[in-house]
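Same order as they appear, the protein sequences are chains A and B. When we follow the numbering used here, the leftmost residue of the first sequence carries the number 10, and every step to the right adds one. When we follow the numbering used here, the leftmost residue of the second sequence carries the number 13, and every step to the right adds one.
Source of the hints: derived by calculation from the structure; they are not laboratory data. Remember, it's a predicted structure, so these values are computed and weren't measured experimentally. Note that CB positions come from ideal geometry on N, CA and C, so glycine has one too. Keep in mind that the hints are not guaranteed to be accurate.
What the hints assert, rightly or not - Partial pick of chain A residues on the chain B-facing surface, computed with a CB cut under 7 angstroms:
1) A41
2) R100
3) G140
4) L372
5) Q374
6) M386
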Amino acid sequence: MDNNRPLDRAKNTVDKFALILTGAPRGVSLQAWDHRLPQVYKNTVSSNDSWSTSPHDYWWQEDRDPPEVHVFVCATNFDSMDRYLRGEDPRLAGLDLEPYIDYENQKKSTLAFDMIDDILHYRDEHGTVTGGKMKLKKEKWEKHHLKAWDWATSVNFVYWDGYQMVDDMYKHFLSQGIETIRLENTTWQNQYLHMLAAYEQHKEFFDSLTEQSVVFRHRYDLSFNAYKSLWRVAQVLQTDGYSNQNDPSAWNWHEQGFCLSPKVMVPNLHIFRGLVSAGDYWNAFDGPGTQLFAKNYLDYLKQDPDHWRPVGETLDYGTHIKWRVPEHSLPQFCMQHNYTILHLRDQEHLGTRMLSLKDPPILDQWRYEWYDWTPEMVEEIRQKCS
Amino acid sequence: MINIFMQQISHHWDQLMQHIGNQSNFNTDLPSNATGIPTSEFYNQTVDGNIDRHSFFESKPRYLNRHTNIGFVWNGGNCEHNQLFTINQDWFISTDPVDVYEFGILWHPLLRFVINLKYAKHAMHTNRTGHFRGTYMAGEHMIADVLTNDNNWYMTKQIDNLKNVDHIIHQNCIPYIYKDELEYDKQVYREQIQNFLYCRHLNENWKLDTDKWWLTSHGRHFMHRRWTRWLDRHIDMEMSAWHYIINSQELTDLLRQRYLEDFELGSFEDMTADYVDWA
């Protein structure tokens, strides 16, 4: 092992890995998902001999024990509405290939919304959503993940739903004299709020993480290059973000103490209209970065309704100076909290690709798989709304 | 096993080689009137939209080599990606009838089904708002629906496709190992036949997932970028559909029921091997 190589240095320094899977369970039921995610990550702790090629640098090839890898499998207790389910693209909704809503017909799409809403939500006498009806099949879900991650040090299930939070946020802004739209679910924020829930439910573990820990959060339908592993994340997060320490002619950021700040690594970093933006399908933290985010992100959301509102809900959309997209949220938080923000140009640079962003995308019938949707329900909507 | 068409089926590579050796017309060139599209051009044209890929394959084309009097009838069980290994000026693909000795490959129905699945619903390139390209979806409901209700060209029985083919090659003849490890007596046909029969190794797929290979032209395998991107995206669906079927008795039964005659013709058992182990 050559300790001058960033990858080798990472292999000598990382103490723990935490992998946090967040968002909707797209792709999880596919064999391709198992093959491209858990089985690839397995190379973090062992050289995978099921591949016919020789072991790769990014695989664990040491005689000593590898670091611990803890997996946090996060999910919402109940299925919730999203734009695909409402008919924008039914195939991404995880149900059928055939459209079941005439999306261009406002009357039919409104009727479809009401029918789906009735399937998904309980409402009180004021019409406010009070809870979900479509339960996650937890037993099946856990069995699937326990098998997929059987090589990991631990597999931890995190369940959460945002109905109370939606109400709390509405009342929070109302108490400040700001009347916001009362959201019906936490939409794209789930990908971050799941991580907060993981922290809350496993505080002892997350508080034990250090600067040498690597926390990788991403959405479910990510695929990872077979020749890489979590060591690729560790390599970039812990070493490649700085200039070469061993090159005396290079500008050494370490000497400036930049590494004393909590770290986050994001893809596709840009500045849009004065706001830092980055891809939100994955990001990596070190231990302090994780703790700071988990403890303060909710406060960040409460600072300004623009931090909380989802895309399309902002007034004067497109011209408002506080225009936001989900990609602004994490990097803006990190700017506010003085993180060191590391960057990879695109997700392929790390070795990842979203199954749903492939061309064409590959997806599964995940709503049938993990929630109690039936073809009969979809057919009833199709009969009335297409 | 009864061969209902009285055609010979080679169940082993040696049988095939022996059969080839007994054919006197193999060393002759193609008839001069044989026409078609060079394979390299075919990929360009289908990608650019000049050729409707569906109707082209529906017409049961055959691959022809200018220096041998044989034609491989396209039966849909191998990945078209394989043809990229044969790209040179000697190969072309034709839908016109040509007087050649025709081979056809009899595939395990599961293999053929999952490989052809990429054509199902593929016409939906964009949704109604034009936002998304077609989606490859896999799931038990979707597979059951296709097996039960889809009667398009990619779902035809092989026994029908191979009805007029001179010689059927059983899937068992096809080497699923690197071609360099095989030995052949018939050097003349080695490249042509083996190139056609050669089944890509699963690891090839990963090349498309690296920043070095993806979106760039490295070598002839990936010179037709948009074609190979379209083609190779389906492997995830193929792998997953395979997994769903071997793990579901209901889907296994549906497949056997749908392709009962093909199962009997090839004496195939239900597949139990995992896709990754098999490929």
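Task: Structure versus earlier hints - violations, ascending order - done: 3, 6
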